[in-house]
Structures are given as C-alpha cells and as structure tokens.
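S.K.: Use the sequences and the hints to build the structure in full.
Using the working numbering, the first residue of the sequence shown is number 1, and each one after it goes up by one.
These are calculated hints, taken from the structure and not from any lab test. Take these hints with a grain of salt, some might be off.
No more than 30 angstroms apart at the CA atoms, straight line, and that leaves these computed lysine-lysine pairs for DSS-like [to be verified]:
id, residue 1, residue 2
1, 47, 123
2, 47, 72
3, 77, 150
4, 150, 72
5, 123, 45
6, 101, 150
7, 150, 115
8, 45, 147
9, 45, 101
10, 77, 101
11, 77, 147
12, 147, 115
13, 115, 77
14, 115, 47
15, 45, 72
16, 101, 123
17, 77, 123
18, 147, 72
19, 45, 150
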Amino acid sequence: MRTVDLSPLYRSFIGFDHLASLMDAAARTDKQPSFPPYNIEALDKDKYRITMAVAGFSDNELTIESENNTLKVAGIKANKDDSAERKFIHQGIAERNFERKFIHQGIAERNFERKFQLGDHVKVLGADLANGLLSIDLQREIPEALKPRKIEIGSGNLLEGK
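M.R.: Written as structure tokens, this is what we have:
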C-alpha cells in the first residue's frame, strides 16, 4: 500500500492536522476483526445507521458505549460449559445420557469488540436488537454557533464608542 504525503496541504489548510492523523490511523496495517459483519447506511443528509449481525447474542450480552468520537460495540457471551451432558428420555421408558457436541457450528458465538470513529457532532440516538440484527441510529447535530449565518452589510458598528 502506498503512503500519501499530505505535507503540501499543510501550507494552505490551517487547523486540519487532526484530519491527517485520522487518515494515518485508517491507513495503519492493524488488521480489523471481520466479526461481526456490519453495514453502515446513510438514511438522510445527517442521519446514519450501523447494522451488525449478532446472531446468538441477547441484549444483556451486548454493550454500546460512545466516548470521545469513538463508538464501541462489544459482545460478551455468558460462559457455557461445553462438556455439559444433556439427558433425554425416550418414550418415558429408557433413560440415556448423550454428550453435547456440535456436528457443524456455523453460528459464531465468540466475544467481540468493534470500534467506529464518529465525526464531529455525531450523536448516538438509540439502538435496537431484532432478529439477530443490532441497529444503532446516529445523527449529526451541528451546534447553532457553527452553522452558517448571513452577515448583513452596514447593520452594526464595528467599533463601539467611536
């Protein structure tokens, strides 16, 4: 992978150095985990949804935290005893013990932690778990002071008292 030299941009753009650090972090060769799979959708101009496939997890095994423009989603499965035996009674006559084992295990039930970098002023609105899909709704809320405003010409004195 080629590296991008952003130093020419530093001459003309002031205050965008945090953008370069974000790009460096994204270009790092640290391998991101591929589990669980997820989608990121733009629902509207300033509304987003992250949908994660978390089959086998209940809502009390999932945690969602937002701190310093980082959204962290973690899933921790309750400890299960894989060597537990199941007891089956066949027609109420014979009692047999069977050892539990998977013939095929395609549903991953491993613990995970996935982090998402959020843009400035992006807030988490809420989360919902339905049919094995965790949906997290996000919205960018730009403060009124940062929104563009029209400046009227000749509407005020620049220097008070003169």
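S.K.: Now, for every hint given, state plainly whether the structure supports it.
M.R.: Cross-check of the supplied hints:
1. 47 - 123: OK: residue 47 and residue 123 at ~10 angstroms, within 30 angstroms.
2. 47 - 72: Cα-Cα ~18 angstroms, so holds.
3. 77 - 150: This hinted pair is violated, its Cα atoms lying about 54 angstroms apart.
4. 150 - 72: Distance ~38 angstroms between residue 150 and residue 72 Cα, so the pair is violated.
5. 123 - 45: Holds - the C-alpha atoms of residue 45 and residue 123 are around 14 angstroms apart, at most 30 angstroms.
6. 101 - 150: Roughly 69 angstroms between the alpha carbons, so the hint for residue 101 and residue 150 is violated.
7. 150 - 115: Distance ~38 angstroms between residue 150 and residue 115 Cα, so the pair is violated.
8. 45 - 147: Holds - the C-alpha atoms of residue 147 and residue 45 are around 15 angstroms apart, at most 30 angstroms.
9. 45 - 101: Answer violated: residue 45 to residue 101 is near 49 angstroms, above 30 angstroms.
10. 77 - 101: At roughly 18 angstroms apart (the allowed maximum being 30 angstroms), residue 101 and residue 77 satisfy the hint.
11. 77 - 147: With a Cα-Cα distance of about 44 angstroms, the restraint between residue 77 and residue 147 is violated, given a limit of 30 angstroms.
12. 147 - 115: OK: residue 147 and residue 115 at ~28 angstroms, within 30 angstroms.
13. 115 - 77: holds (18 angstroms)
14. 115 - 47: Roughly 19 angstroms between the alpha carbons, so the hint for residue 115 and residue 47 holds.
15. 45 - 72: Distance ~23 angstroms between residue 45 and residue 72 Cα, so the pair holds.
16. 101 - 123: violated (44 angstroms)
17. 77 - 123: holds (27 angstroms)
18. 147 - 72: Holds, at about 28 angstroms.
19. 45 - 150: holds (22 angstroms)
Checked against the numbered hints above, the structure violates hints 3, 4, 6, 7, 9, 11 and 16; every other hint is satisfied.
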